[in-house]
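J.: Following the hints, position chains B, C, D, E and F against chain A.
The lines below spell out each chain.
Protein chains: 6
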Amino acid sequence: MTPVIVRSIVRPNAGVVRQLGEYGVATVHEAQGRTGLMRPFMRPIYPSASVAGAAVTVSCHPGDNLMIHAAIEVCRPGDILVVAPVSDSTDGMFGELLATSCQAHGIAGLVIEAGVRDVADLTRMQFPVWSKAISAQGTVKATAGSVNIEVSCAGAVVHPGDVVVADVDGVVVVARDTAEEVARLAEQRLLKEKRSRERLRTGELGLDMYGLRAKLAELGVRYVEDAAGIDEMKR
Amino acid sequence: MTPVIVRSIVRPNAGVVRQLGEYGVATVHEAQGRTGLMRPFMRPIYPSASVAGAAVTVSCHPGDNLMIHAAIEVCRPGDILVVAPVSDSTDGMFGELLATSCQAHGIAGLVIEAGVRDVADLTRMQFPVWSKAISAQGTVKATAGSVNIEVSCAGAVVHPGDVVVADVDGVVVVARDTAEEVARLAEQRLLKEKRSRERLRTGELGLDMYGLRAKLAELGVRYVEDAAGIDEMKR
Amino acid sequence: MTPVIVRSIVRPNAGVVRQLGEYGVATVHEAQGRTGLMRPFMRPIYPSASVAGAAVTVSCHPGDNLMIHAAIEVCRPGDILVVAPVSDSTDGMFGELLATSCQAHGIAGLVIEAGVRDVADLTRMQFPVWSKAISAQGTVKATAGSVNIEVSCAGAVVHPGDVVVADVDGVVVVARDTAEEVARLAEQRLLKEKRSRERLRTGELGLDMYGLRAKLAELGVRYVEDAAGIDEMKR
Amino acid sequence: MTPVIVRSIVRPNAGVVRQLGEYGVATVHEAQGRTGLMRPFMRPIYPSASVAGAAVTVSCHPGDNLMIHAAIEVCRPGDILVVAPVSDSTDGMFGELLATSCQAHGIAGLVIEAGVRDVADLTRMQFPVWSKAISAQGTVKATAGSVNIEVSCAGAVVHPGDVVVADVDGVVVVARDTAEEVARLAEQRLLKEKRSRERLRTGELGLDMYGLRAKLAELGVRYVEDAAGIDEMKR
Amino acid sequence: MTPVIVRSIVRPNAGVVRQLGEYGVATVHEAQGRTGLMRPFMRPIYPSASVAGAAVTVSCHPGDNLMIHAAIEVCRPGDILVVAPVSDSTDGMFGELLATSCQAHGIAGLVIEAGVRDVADLTRMQFPVWSKAISAQGTVKATAGSVNIEVSCAGAVVHPGDVVVADVDGVVVVARDTAEEVARLAEQRLLKEKRSRERLRTGELGLDMYGLRAKLAELGVRYVEDAAGIDEMKR
Amino acid sequence: MTPVIVRSIVRPNAGVVRQLGEYGVATVHEAQGRTGLMRPFMRPIYPSASVAGAAVTVSCHPGDNLMIHAAIEVCRPGDILVVAPVSDSTDGMFGELLATSCQAHGIAGLVIEAGVRDVADLTRMQFPVWSKAISAQGTVKATAGSVNIEVSCAGAVVHPGDVVVADVDGVVVVARDTAEEVARLAEQRLLKEKRSRERLRTGELGLDMYGLRAKLAELGVRYVEDAAGIDEMKR
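Residue numbers (our numbering), protein chains in the order written: chain A, 871 to 1105; chain B, 871 to 1105; chain C, 871 to 1105; chain D, 871 to 1105; chain E, 871 to 1105; chain F, 871 to 1105.
Derived by calculation from the structure, the hints in this document are not laboratory data. Among the clues, some could well be false.
Since the list can't tell identical chains apart, any single copy or any two copies may satisfy a pair.
With a straight-line cut-off of 25 Å between C-alpha atoms, the simulated BS3-like cross-links for lysine-lysine are [unchecked claim]:
#1 1064 / 1085
#2 1064 / 1104
#3 1062 / 1011
#4 1085 / 1104
The shape of chain A in the complex, shown without the other chains (with noise of 0.2 Å):
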């Protein structure tokens, strides 16, 4: 219960991490069985935002920064910010001044349910941020709050070195212990995707593809040949 800054975490292998930024959101997050995705809300602030990296957490009041100056200082070059407020809050916590000091501290991009300011300014600079909301709003450093535990941020539960690996899709956390099978997962995924997207591409059915042909006979689902087949069917 007592707020505490942990220093040093441990973090996932430097080529896996790069592997799952490769591999992008929606095949990482397929590959590890549809889990730890977070919510939709969640938006990049420019479409070609990209990035992996271990995740380095900020448990915080709303509407307070304080915690994220704290951060910073226990990141390492690569790592994720990832900000979760104890409760709903779109304000603006982060902007153009603590992106200089992420990117003169190598710090690869920034996760917040909050708000993120200055946008055209943090564009210009290339630093991708996800958040859920744009706004001005802006904050005080007043609050107690924590680093480096774990924490749920819009829906996800994200522990210190976690991989994140946020694209255009959205944001998803790979626990670090998992990170090198869900690497190796994926890519057989998209293997297996390749194939299937060359048969697709020839005009093959997912139906057939796919086997589910058999599926929609079990569950009962009726062709018919048109919407007069509709009626005969209730008679």
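T.: Okay, now just chains B, C, D, E and F, sitting in the frame of chain A:
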């Protein structure tokens, strides 16, 4: 109540569909008496997305895209998939593989009251989609639904074979048997708007052009010179 | 209570308006003590939209744009229309024809707590709009309202003649009689931020620059070396 | 596209309507294959509200109740008004005076995808209403709409003469020509649920009663004894 | 821009306040021309809550209740606290201890565009509150704000000393200098509504009583006998 | 990533659970440093609902209640089911039959970030539920999930065996290994609040009791006598 797939639907006249697409959503919506518009949470995944076509409708369980696969088989080139889950969902029920399949069959676009993923790919493929969310959340193929029955999608009733017109202003649905008449009225409206535009451009006021001064008077709206005039009114 | 149109308002100093526009929303909002910001659901229809001007206010019935027509007549070049319906609405109360009329009269932009349509045209015309929705939903011209009275728009009080500053970070309102002072404070703030930026860029921490270490200690925030440290704290 | 009032509609069998009302929303919704449910933002104004009847539908402009007045004339005792504005609105389009008129004509209740007011009076009168908001916002009588056409209300398609069943669980719509069959299936379902209830009450598990253990195994769900078992799984 | 506490405000006539409270929100809102209503997300914490009084306004930082404490000191018996944070918040800024303090000073109720907690206690104390959320989220006492300045609360402008009327239909604000006139108009309205009620109760239609048949004709609304009539119209 | 059911969890001390339940959500939340609160959209289905117990957690696909059935088997009397779908859903995943099964096994309540149905029955059974929606929407039993893993539910991280406390103010989660300490702090807080209550009841101001006058001065808040004083300040 039995889930059903209707193979064959009556489609609107291709020329009329093309015309309605050229007029655009706002004009078509006005021309048919300000009805048939989907709710504004339906947004295109890229700003230049624009399409018109015949609706092939899908009623499905949230988070399950089995029926989308079934629907693709009964589509013809130029059709638009209109997907309406039976309850609220933001799951990404459609992605790049399904879009590849759609393009292989000539399907012109997708309107879905749920989520969509792989939007970077879809944008590159120029496959236009209007959805209520962007989400990587994966879905299953496990529950029955129907294809080409009447559905409620984002606040509009859509019948199979209705004309769907979609652009950056949203999505509007035109009943098949009124499409020709709506096209005619839309054309008239465009001509009238062109004349209005010319007059407004020269500085003529809408108040005069539309004859609204009498309306204001009839409604009891009063003019005062300045803020002091309000205080005088109260005496 | 009688609906009223006030023809003449006191406008802010043009030079001050220009300055505030250059400082931008986030800086101006901070400079006036973090007040006057509209809610973040107010978004520009294109990202580069940016404007500053004197507010001409419109209070109207939802789904009715009669009073916008009335307001245009009392605007002067450089003014910004601020439209506040008396209840929630997403209807597209403003489109390309009204924008044509606005540009003919030199009106600089629109802020509307409702919907807007023809956004492709408005973007081409570079007529900047901040709205809470994009919607083709047509509106009527049937009910009374007021022009140039005090309104509540998206969470901010706006008086006729207040300065409205809007960009990609949102919309902020500055009271006319404090505009000059706010501009002065904003300039000071920019200078201070410039110095801070230089220091942050070299890697100095916000913790040190803002003297926040003492604050953290005072608030009882504790530092531990790693996760094991948390467990020790609990003993 | 011309607004129209249809005076006479085909109504469902009164006995079937009564039955469906007794079965309740959840049972009827299941019996017809989990379709026809309105979105859950539709809430009763008092918890004990419960009704079933034939739908008289109203399509109208938001914030305008002219067409509700027109609809009352074509209602018969036991009917339910289903009001669907063409765009989002929370305005209080219905209050105690309209309810008095409804009760004078034997109208059994109101389902409205907008707001309602005078809810203290409506509760005292025991006039059941399902709405998406409670709002005193007054409305006008100025724009055209239609009565007894097909509408989309809160996510459900409603035809004039469909059966509307509403209680504390929400609102469900049953097509008139399937109402009898749905009633039969609902009754079967109730019997089956009664048997299930008895078994569950004695402690039998749903896992066994519904035969779900095989399903879990088929889906690859694994059992472990405790948290340590999860770590073992990862090795 | 300097935060300020105004000790003394001009209050409305107590008799007029009492009258407006008796008329209720819906009637008062209509009487003043359908203006001044707060958004419908403002709900009472218990259904029988009902109050009228003079507004003492609070502008504060979200999640910080320091200024509520400051406001209590300047209240007089019968006043209503109107609390408007400068940005969106659902935090529980007010609970049983503050309510105890309010009741000790004769404060009649609270209107807050944020959250409230201890609602079981507040209900037992019969201290009426209208809020946008119920939330236990605790708040701090760390940032400056103002008391008795003009605020925007839930979509309405509120000046210190305005009359606030609140009941189960919501919250309406009446400007102090028009309160007497609004009370007079509200009384007229009630008399007129009483007569309307009697006529509607006997079965007279709103269509006839309000003379709306001509309006329908003027708007081009057509009557047809049944569904077949719609098809005939299209020919 | 493999879905898993953990049969056995460590539960908190029963006496501590009972204590925390008596202290209530607001007090417990404060006692543990304003953390652990679920978002305020989680509401009880009846106002007097109140419960405390050990969490048995369920991670599942939206619209699928298979894993709830699996979870019931591993519950012990007094446990609370905490159900967290992996994406947004309002479907009614739990109803009277499941509640019957829960009560047969002594389960004390349900917290679900989705919908619930049969609320009239659940209320009669006095089975307490906190949910984000009431919806009759039926669900399937078709997809894998996990029981007794760490989940994010409505903004809070919940571990199996954590203490869940829920009442009309919402839902708060207390980590099992801090529960005793939180109970101790809550008791201290209640004593302190009792003393505060007595002082406030006699009319003492929070400003004085909490020593806030100095804070106001330090923050630069100024007192003026009346509205005229604000104008003077600006000079």
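J.: State for each hint whether it applies.
T.: Results for each hint:
no.: 1; hint: 1064 / 1085; result: within (24 Å within a copy, 30 Å between copies)
no.: 2; hint: 1064 / 1104; result: neither (43 Å within a copy, 28 Å between copies)
no.: 3; hint: 1062 / 1011; result: between (50 Å within a copy, 18 Å between copies)
no.: 4; hint: 1085 / 1104; result: within (23 Å within a copy, 32 Å between copies)
The earlier numbered hint that this structure contradicts is number 2, and it is the only one.
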